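Model the full structure from these sequences, guided by the hints.
2 protein chains.
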Amino acid sequence: MGSSSQENNNKLLSRVCELFKSLQKKFRTKVFNIVEKAQEVAKGDPRRIIHSLKVGLALTFVSLFYYFQPLYDGLGVNAMWAVLTVVVVFEFSVGATLGKGVNRMLATLTGGFLAVGAHRMATLSGRRGEPIFIAIFVFIIASTVTFMRFFPTLKARCDYGLSTFILTFSLISVSGYRDNEVLHMAHQRLSTIIIGSCTAIIVCISIWPVRVGEELHNLVCDNIERLGKFLEAFGGEYFEEFECGKSDYYKSFLHGYKSVLDSKNSEETMAQLARWEPSHGGFKFGHPWKQYLKIGTLTRQCAYKIETLQCQLKHSKIQASVELQKKIQEACIKISTESGKSLKELALATKTMTQSKSSNTDIANLRKAVENLKTLLTINQWEEVNLLEITPLAAIASILMEVVQLIENISEVVHELASMAHFNCDDAKVSPKQPCSSKEGPIQSIATMTIEKHEDITFVE
Amino acid sequence: MGSSSQENNNKLLSRVCELFKSLQKKFRTKVFNIVEKAQEVAKGDPRRIIHSLKVGLALTFVSLFYYFQPLYDGLGVNAMWAVLTVVVVFEFSVGATLGKGVNRMLATLTGGFLAVGAHRMATLSGRRGEPIFIAIFVFIIASTVTFMRFFPTLKARCDYGLSTFILTFSLISVSGYRDNEVLHMAHQRLSTIIIGSCTAIIVCISIWPVRVGEELHNLVCDNIERLGKFLEAFGGEYFEEFECGKSDYYKSFLHGYKSVLDSKNSEETMAQLARWEPSHGGFKFGHPWKQYLKIGTLTRQCAYKIETLQCQLKHSKIQASVELQKKIQEACIKISTESGKSLKELALATKTMTQSKSSNTDIANLRKAVENLKTLLTINQWEEVNLLEITPLAAIASILMEVVQLIENISEVVHELASMAHFNCDDAKVSPKQPCSSKEGPIQSIATMTIEKHEDITFVE
Numbered sequence: 301m302g303s304s305s306q307e308n309n310n311k312l313l314s315r316v317c318e319l320f321k322s323l324q325k326k327f328r329t330k331v332f333n334i335v336e337k338a339q340e341v342a343k344g345d346p347r348r349i350i351h352s353l354k355v356g357l358a359l360t361f362v363s364l365f366y367y368f369q370p371l372y373d374g375l376g377v378n379a380m381w382a383v384l385t386v387v388v389v390f391e392f393s394v395g396a397t398l399g400k401g402v403n404r405m406l407a408t409l410t411g412g413f414l415a416v417g418a419h420r421m422a423t424l425s426g427r428r429g430e431p432i433f434i435a436i437f438v439f440i441i442a443s444t445v446t447f448m449r450f451f452p453t454l455k456a457r458c459d460y461g462l463s464t465f466i467l468t469f470s471l472i473s474v475s476g477y478r479d480n481e482v483l484h485m486a487h488q489r490l491s492t493i494i495i496g497s498c499t500a501i502i503v504c505i506s507i508w509p510v511r512v513g514e515e516l517h518n519l520v521c522d523n524i525e526r527l528g529k530f531l532e533a534f535g536g537e538y539f540e541e542f543e544c545g546k547s548d549y550y551k552s553f554l555h556g557y558k559s560v561l562d563s564k565n566s567e568e569t570m571a572q573l574a575r576w577e578p579s580h581g582g583f584k585f586g587h588p589w590k591q592y593l594k595i596g597t598l599t600r601q602c603a604y605k606i607e608t609l610q611c612q613l614k615h616s617k618i619q620a621s622v623e624l625q626k627k628i629q630e631a632c633i634k635i636s637t638e639s640g641k642s643l644k645e646l647a648l649a650t651k652t653m654t655q656s657k658s659s660n661t662d663i664a665n666l667r668k669a670v671e672n673l674k675t676l677l678t679i680n681q682w683e684e685v686n687l688l689e690i691t692p693l694a695a696i697a698s699i700l701m702e703v704v705q706l707i708e709n710i711s712e713v714v715h716e717l718a719s720m721a722h723f724n725c726d727d728a729k730v731s732p733k734q735p736c737s738s739k740e741g742p743i744q745s746i747a748t749m750t751i752e753k754h755e756d757i758t759f760v761e
Numbered sequence: 301m302g303s304s305s306q307e308n309n310n311k312l313l314s315r316v317c318e319l320f321k322s323l324q325k326k327f328r329t330k331v332f333n334i335v336e337k338a339q340e341v342a343k344g345d346p347r348r349i350i351h352s353l354k355v356g357l358a359l360t361f362v363s364l365f366y367y368f369q370p371l372y373d374g375l376g377v378n379a380m381w382a383v384l385t386v387v388v389v390f391e392f393s394v395g396a397t398l399g400k401g402v403n404r405m406l407a408t409l410t411g412g413f414l415a416v417g418a419h420r421m422a423t424l425s426g427r428r429g430e431p432i433f434i435a436i437f438v439f440i441i442a443s444t445v446t447f448m449r450f451f452p453t454l455k456a457r458c459d460y461g462l463s464t465f466i467l468t469f470s471l472i473s474v475s476g477y478r479d480n481e482v483l484h485m486a487h488q489r490l491s492t493i494i495i496g497s498c499t500a501i502i503v504c505i506s507i508w509p510v511r512v513g514e515e516l517h518n519l520v521c522d523n524i525e526r527l528g529k530f531l532e533a534f535g536g537e538y539f540e541e542f543e544c545g546k547s548d549y550y551k552s553f554l555h556g557y558k559s560v561l562d563s564k565n566s567e568e569t570m571a572q573l574a575r576w577e578p579s580h581g582g583f584k585f586g587h588p589w590k591q592y593l594k595i596g597t598l599t600r601q602c603a604y605k606i607e608t609l610q611c612q613l614k615h616s617k618i619q620a621s622v623e624l625q626k627k628i629q630e631a632c633i634k635i636s637t638e639s640g641k642s643l644k645e646l647a648l649a650t651k652t653m654t655q656s657k658s659s660n661t662d663i664a665n666l667r668k669a670v671e672n673l674k675t676l677l678t679i680n681q682w683e684e685v686n687l688l689e690i691t692p693l694a695a696i697a698s699i700l701m702e703v704v705q706l707i708e709n710i711s712e713v714v715h716e717l718a719s720m721a722h723f724n725c726d727d728a729k730v731s732p733k734q735p736c737s738s739k740e741g742p743i744q745s746i747a748t749m750t751i752e753k754h755e756d757i758t759f760v761e
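As given, the protein sequences belong to chains P and Y, one line each in that order.
Under our numbering, the very last position in the first sequence is 761; numbers go up by exactly one each time.
Under our numbering, the very last position in the second sequence is 761; numbers go up by exactly one each time.
Keep in mind the hints are simulated off the structure, nothing from the lab.
Keep in mind that this is a model prediction, so the values were computed, not measured.
Be a bit skeptical, because a hint or two may be false.
Copies of the same chain look alike in the list, so a pair counts if it fits in one copy or across any two.
[To be verified] In silico DSBU-like pairs for lysine-lysine, Cα to Cα no more than 30 angstroms straight-line:
#1 K590 - K455
#2 K644 - K584
#3 K325 - K529
#4 K529 - K558
#5 K564 - K343
#6 K343 - K558
#7 K614 - K529
#8 K325 - K455
#9 K343 - K330
#10 K337 - K590
#11 K311 - K641
#12 K614 - K590
#13 K627 - K644
#14 K590 - K326
Here it is, written out as structure tokens:
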């Protein structure tokens, strides 16, 4: 009896030990996975770590208001609005933080002002009528401003402000029914929110600031470069013209353009936020951010074409047996490679904020390549050809010609941006700080020729 | 002297009058514009008006806590958290409101719990050490949780919750330095936030609720229908085969697909929010919302092809003079029209939540049309043809064949959705409430044939 109970105990103990060990193992793998993911997130953009530390710093800084007696006596329990403001206003980029901060401060000012007025009006109706009037005011203001948030212009510019406006109005007008010092309360809320917003803005700007304008500039350039890399790789890859090692190198570029397809929303948000940012680097206050949206739209149109080209890579490739067919194939590779080069050139010039003159010669070369292909296609030597076999090649030729057209359009809007933002010339004879005149460059002739091609572009606002 | 001063006075008066009139006119046009815009916004989606009134109602309702003495005595000045919660939690759709509400309540619970613990630990170090420890805790927690917000999975699921967590932790642990009743404060904050969240959720659900799941369902169906309408119109429009009146009718469909190109973000957000919604109509809890993302991805891929087709409409159209060329043109029109029909059929079946069997015959017809085109292209009678003239036609034929391939893929994933969500059969013999077995339909053979075509789709999470 005793030995069997001890056996049972031993069994139980060993089971508990096993359970504990398996739990420990699971916990270890879980922790390991989290650490791995955190490393991934941090490597993806190391500025994320800095941002997190900045938020911690700003919050610790603002909580000082609670610790210092004189400051606390001034603001009392309302100091918590400052803490709250830092949490909701502090964003990753300077533009977003400034936009939210200013929105919040202005909305608190106007909302508080209106609430004090509403409270004064309501008190005229006596102690009984006051809550009824306040309730009616809150209902009307909240409904109207909520409806205003659906206006596209207001939504893009001050959605956050409108929401803060409703909040401040409701809080102050409703609290006023209890606390007769409405004006005092409105004043305290405004001052704590100003303290919180300014803390967030100052910490955000002064420690390794992330400029959303610069991000947009780089994103647009990178997107153009991605398309360029694809096109440079496409021709050789499709017609299997690469040597063995080279093919692997180029293959890595064949999927990079995918992110361009869905870039519209982020570009629009960034352009909206960039307007809040003060002058920095080559980006002056009033930099033509809307022009980046134009470039982005054309880049996406080009990416849609490239998506169609990319599909051709998956299909069975044609065997270029006939002599003329081989020539056309060569012309297609030429167009593809030249297109890629000129896009990369444009991207580089924009990124370094210079007005590249070589892009004009690039486009001249592209046109020559297209003319060459057209001439080849016009020659009537197609007796031996099976049209089903040549259809994919014809499709590629046709899409490539459209891509060239789009590249001319992109080049034009990039040139417009360069002249609007006074980019420097890369010509050695011109002083590097002197902006080029845009009216004279040979690219202008291309610009006027292609101006009708992208008139159906629509933008935010 | 007197008359000249009177003359001056008259001049001044008339100027003031003019200024006043012009201001009045400007004000009128401004008001008129705003009213016009408001009408536009309301007509765009009349539910916006209802939403605005619902927000007003919920806020008025929650402000009752201030008016009734017994409730006020229980919650005191902290009742304002309920007002604040309604403003920030109340969203347009049930899914978004529920998601935010639950996130906010859980985050307040955990954040408050942790803050009370942190406060207890800090008090152990005495009056002097307490603020230092609290500051260190706030810094660590705020930095860590801010960093966690960059994790893609957490960002998609509970970004709002993480932000509320930081807020609650900072507020309660910092306030604790002044107010020794930390536990009481945490409790009050939690209960007011529960009151606010529940008010918002109840009002949002009980009065004309907008279900984001239903919105996603309709959006995906509408997008497929838009592509269908384009394809039905494209063939006739490109080859100018329409009679005069018909062309105008179809022209209106040629731009409707544009919104499909940028639908990715909104679809992903909607699918994320739809998971929060309780069962309603044909959408049970656990409805396969992710499947809609698959359909959306394929629809967009089809839209990219259509964008390339649409570009061809702008270019000079080919003149079909040669007999065979005319035949190919007919085959292209046939494919385009049939594609359009089968997409519209798929959209209608999905919208009405039925498993359409006619879509199988549609796809069989489509395949026949493609085979017919291929046969025509194989015949070697191309001596008289200028290939430059026929290139656009070849491109269109090639893209249309790819579109057919994509339609097969879309049909397959739509069929998967129908079987996962137990859509009803439209077959008259089957009871309308009985789900079809998906394993037997002839479409399955198409499914297995095309399964390898869209394996490179990536989804959120």
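Hint check:
1. Taking CA atoms no more than 30 angstroms apart as the test, K590 paired with K455 passes in both settings, with 17 angstroms inside one copy and 29 angstroms between copies.
2. Within a single copy, K644 and K584 get their C-alpha atoms as close as 25 angstroms, which meets the 30 angstroms cut-off; across copies the closest is 50 angstroms, which misses it.
3. In this assembly of identical chains, the alpha carbons of K325 and K529 never lie at most 30 angstroms apart, being 45 angstroms within a copy and 57 angstroms across copies at closest.
4. Within a single copy, K529 and K558 get their C-alpha atoms as close as 12 angstroms, and across copies as close as 26 angstroms, so both meet the 30 angstroms cut-off.
5. In this assembly of identical chains, K564 and K343 lie within 30 angstroms of each other by CA distance both inside one copy and across copies; the values are 25 angstroms within and 26 angstroms between.
6. Taking identical chains as interchangeable, the C-alpha atoms of K343 and K558 lie at most 30 angstroms apart only when both belong to the same chain, with a minimum of 21 angstroms there against 36 angstroms between chains.
7. Taking the closest pair of Cα atoms, K614 and K529 come within 30 angstroms of each other both inside a single copy (18 angstroms) and across two copies (28 angstroms).
8. Proximity of K325 to K455 under the C-alpha cut-off of 30 angstroms is restricted to the inter-copy arrangement: shortest distance 27 angstroms between copies versus 50 angstroms within a copy.
9. Proximity of K343 and K330 under a CA criterion of 30 angstroms is satisfied intra-copy only: 20 angstroms inside one chain copy versus 51 angstroms between copies.
10. Taking the closest pair of Cα atoms, K337 and K590 come within 30 angstroms of each other only across two copies (23 angstroms); inside a single copy the shortest separation is 36 angstroms, beyond that limit.
11. When the C-alpha separation of K311 and K641 is checked against a cutoff of 30 angstroms, the pair qualifies neither within a copy, at 73 angstroms, nor between copies, at 69 angstroms.
12. For the homomeric pair K614 and K590, the shortest alpha-carbon distance between copies (26 angstroms) is at most 30 angstroms, but the shortest distance inside one copy (37 angstroms) is not.
13. Within a single copy, K627 and K644 get their C-alpha atoms as close as 26 angstroms, which meets the 30 angstroms cut-off; across copies the closest is 43 angstroms, which misses it.
14. In this assembly of identical chains, the alpha carbons of K590 and K326 lie at most 30 angstroms apart only when taken from different copies (28 angstroms versus 51 angstroms within one copy).
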